[in-house]
Amino acid sequence: MEPANLRDYIIHGESWIALNSYMDTLQGGPLVADAPKGQEEGYLPRRLHLNAQKTMYLSIRLLLSVIRIGRCPRNLTVNSIVLTRPDFRPRFVGNVDFEQNPDNPTCDAAMSALAGIFENILWSHLPEDESVPDEVHNLLYLMRQQDSFKLTEAIQYHSCLVPLENRGHLFLKEYQYTVDILRKIEPLNFRYVMTQLVYPRHWKIIAESNPYVQAVIERGDYDSLRSKESTCTPLELLKHAPTCHCLQDSANKSVPHGLGFEPKDMNHALYIMSEHLLASLQLALHRVGHLACLRTGFLFPWN
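Positions in the sequence shown are counted from 1; adding 304 to them yields my numbering.
Treat each hint with caution, since some may be false.
Claimed, not checked - Distance ranges between label pairs, derived from CB positions:
(1) R448 / D391: 26 to 36 Å
(2) F602 / I321: 21 to 31 Å
(3) D338 / I489: 38 to 48 Å
(4) Q450 / D484: 28 to 38 Å
(5) R591 / G374: 22 to 32 Å
(6) I489 / D438: 30 to 40 Å
(7) W606 / Q449: 16 to 26 Å
(8) Q404 / L354: 35 to 45 Å
(9) L354 / L430: 16 to 26 Å
(10) E432 / R599: 37 to 47 Å
(11) A322 / L430: 14 to 24 Å
(12) L354 / K488: 28 to 38 Å
(13) D328 / K488: 45 to 55 Å
Please keep in mind that the hints were generated in silico from the structure rather than gathered at the bench. Glycine included, each C-beta is placed from N, C-alpha and C at the ideal position.
Let's have the full structure, built from the sequences with the hints guiding it.
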């Protein structure tokens with residue numbers, strides 16, 4: 305059975321490129337390992353290429369959109385999804401078989417199959433001695449869970465799919481909500497969230513090798529151009545919360561973007577110590593039923 309929306313699948317005669325072929329065209333591949341500013345050595349994890357983030361985000365949204373209208377593709381493979389040209393938006397190919405009014409196991413199987421497609425593509429671009437980044441692995445893990453429809457928010461808006469420039473905004477939004485709202489209205493859930501946070505395994509290496517990260521740790525000054533001084537200002541109310549994360553002094557309400565650092569440089573430097581923290585914070589907020597309250601969709605420019 306065909307999906308109800310014509311734009312869910314490729315139209316005859318429309319120009320397209322295979323999903324795995326498109327990933328091959330990305331400079332550096334779908335997983336990049338460029339060193340952030342100030343980082344000369346130490347742990348340098350790979351992260352998703354911006355266009356890989358877009359492709360994975362829109363592919364997940366495509367699958368969820370047909371499930372919501374009572375359709376679900378069966379036996380998804382890497383050849384089941386292609387990208388239109390020139391906008392590179394995912395579509396199902398015409399021979400994909402859709403089940404009407406699918407049950408939960410059928411939907412779980414489709415989401416798990418999509419996770420397998422992503423994983424195979426990413427693994428094919430990695431050196432033999434490397435693995436998929438932990439944050440991306442967390443997304444694939446969630447996509448393979450039973451009753452994955454209960455994890456829709458955590459999957460669709462997963463932190464590994466947020467563009468680098470927006471990661472700092474995502475963290476501050478989620479942490480402020482946790483500390484300033486959840487702590488006051490649901491103290492038990494607040495304590496649960498805080499106990500679920502996962503901290504970086506490579507903290508010491510990072511702190512010793514990157515002056516930008518040291519600036520955050522030491523509550524010091526940061527100057528992306530080394531030409532003017534910029535002081536971090538602690539966010540109000542956070543001083544009353546537990547001191548349990550590395551970014552609490554990275555906010556500055558006196559600057560337009562709300563951060564005491566240049567967003568892109570800061571987020572890149574801090575990515576290597578916030579990947580576990582951000583993923584665990586998002587999942588904990590979802591488990592207590594509050595992730596949807598944050599409405600983080602605006603941080604994904606492909607909506």
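Comparing the hints with the structure gives:
no. : hint                    : in the structure
1   : R448 / D391: 26 to 36 Å : holds (29 Å)
2   : F602 / I321: 21 to 31 Å : holds (29 Å)
3   : D338 / I489: 38 to 48 Å : holds (41 Å)
4   : Q450 / D484: 28 to 38 Å : holds (34 Å)
5   : R591 / G374: 22 to 32 Å : holds (27 Å)
6   : I489 / D438: 30 to 40 Å : holds (31 Å)
7   : W606 / Q449: 16 to 26 Å : holds (24 Å)
8   : Q404 / L354: 35 to 45 Å : holds (36 Å)
9   : L354 / L430: 16 to 26 Å : holds (18 Å)
10  : E432 / R599: 37 to 47 Å : holds (41 Å)
11  : A322 / L430: 14 to 24 Å : holds (20 Å)
12  : L354 / K488: 28 to 38 Å : holds (37 Å)
13  : D328 / K488: 45 to 55 Å : holds (50 Å)
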